[in-house]
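Undergrad: Sequence:
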Amino acid sequence: MSFYSPVRTNASEATSNDKLHLFKYAEDPDQVKVETYEAHGGYVAWRKALTSMKPDEIALEVKTAGLRGRGGAGFPAGMKWGFVPKGSTKPRYLVCNADESEPGTCKDRVIMERDPHAIIEGMAIAAFAIGCHQMFIYIRGEFGQPIRQMRQAVEEAYARGHIGKNVYDTGYDLDMVVHSGGGAYICGEETSLLNSLEGHRGMSRLRPPFPAVEGLYACPTIVNNVETLATVPHIINRGAEWYKSLGTEKSTGTKIFSISGHVKQPGNYELELGFNLKEFIYSPQYGGGIIGDKKLKGVMPGGSSTPFLTPDMIDVGMDYEALAEAGSMLGSGAVIVFHEETCIVWVIKKLIHFYRHESCGKCTPCREGTGWLERIINAIEAG
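According to the working numbering, the residues represented by the sequence shown are 198 to 580, in order.
Simulated from the structure, these hints should not be mistaken for laboratory data.
Listed below are the simulated DSS-like cross-link pairs for lysine-lysine, each with C-alpha atoms no more than 30 Å apart in a straight line:
| # | residue 1 | residue 2 |
| --- | --- | --- |
| 1 | LYS287 | LYS245 |
| 2 | LYS547 | LYS491 |
| 3 | LYS283 | LYS260 |
| 4 | LYS362 | LYS260 |
| 5 | LYS260 | LYS447 |
| 6 | LYS494 | LYS461 |
| 7 | LYS283 | LYS362 |
| 8 | LYS283 | LYS441 |
| 9 | LYS461 | LYS475 |
| 10 | LYS441 | LYS245 |
| 11 | LYS494 | LYS475 |
| 12 | LYS230 | LYS362 |
| 13 | LYS475 | LYS491 |
| 14 | LYS216 | LYS475 |
| 15 | LYS245 | LYS283 |
| 16 | LYS362 | LYS245 |
| 17 | LYS491 | LYS461 |
| 18 | LYS251 | LYS216 |
| 19 | LYS492 | LYS546 |
| 20 | LYS491 | LYS546 |
| 21 | LYS447 | LYS245 |
| 22 | LYS245 | LYS230 |
| 23 | LYS251 | LYS447 |
| 24 | LYS559 | LYS547 |
| 25 | LYS287 | LYS559 |
| 26 | LYS362 | LYS251 |
| 27 | LYS251 | LYS441 |
| 28 | LYS441 | LYS260 |
| 29 | LYS547 | LYS461 |
| 30 | LYS494 | LYS547 |
Beta-carbon label-pair distances, calculated as ranges:
| # | residue 1 | residue 2 | range |
| --- | --- | --- | --- |
| 31 | HIS397 | GLU571 | 24 to 32 Å |
| 32 | LYS251 | VAL374 | 25 to 33 Å |
| 33 | ASN214 | ARG345 | 25 to 33 Å |
| 34 | THR561 | GLU476 | 38 to 46 Å |
| 35 | LYS559 | GLY489 | 39 to 47 Å |
| 36 | GLU476 | GLU352 | 40 to 48 Å |
| 37 | LYS245 | ASN214 | 21 to 29 Å |
| 38 | SER480 | PRO288 | 42 to 50 Å |
| 39 | LYS287 | THR248 | 21 to 29 Å |
| 40 | GLY489 | LYS283 | 53 to 61 Å |
Just so you know, even glycine gets a beta-carbon here, dropped at the ideal spot from N, CA and C.
Working from the sequences, and respecting the hints, build out all of it.
TA: What follows is the structure in structure tokens.
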């Protein structure tokens, strides 16, 4: 049984464009089944990594490819894996952060619903690269369909011998747990997520120590985003040089962009990093332009926590460097579009209320500051 959501994607373009890979089978409802995933080349990268590559070679390949975290921070994934202490005798853990809660972001949910085995395969490769035998995927509590889909996929992966005891007769054991969160936005932050996974209240930890050194159960832990891990099998299959040929020199590869707000064709679209933001909003192939053909007032190019870009600033590439130079951020790649009739003060008021409500309360600037921000914006709105 599959749980298929009607979110728009550019899967038809990905089918004919060899550069696009994450959404290649996004419109095939059978892609959720392990047999179909295998028929499309699934788990080949995992078998290759486990049987013919060393852990350090895998990490180096991902590092050379330039894959950066797709959850928002953009930290190089291969470099992050390298932070796990080599001499530690403690167990190591891999955690997939699927607590997608940033307003405007809905890409990870679609991957979980439509291509869950890609996540499992990417997690398995990453786990082997860091010497880990236990994986967790922490899914936002409100994501009923993705939770069911991932649990079904994990059962299938066990049944086919892709995870479990003695994987591919190599003597390597690998287990996986699907964990449902409680719905707190703060648990999208990796240390809050780890606290929640341990059964504690979701509150951020002081760093250092960083999770790679002391994470889940005070053991070395790598936390990666859904999209980041789903990309890993493609790098192992096709090589770092292929991946580096996509995107820009410093922002390599493709990324899934969620576009919402006042556009004619909201949805998730896989594009090469560096794709022009203005074209993304107005192209009939993607955003389709502003609803009612109204004028644009502003854009949040990377989710609700990224600074606005005004209409004269949107002729810019959607990559880490270009958007930073423009005064904003790529973030999670959630492009939120506002037309000319939008009251930006009202938008900011709603966002401040969201962040105040979702504050875990641990740190004073957030706990007290968001309340002050809300009172200030209410005063501004009242004149």
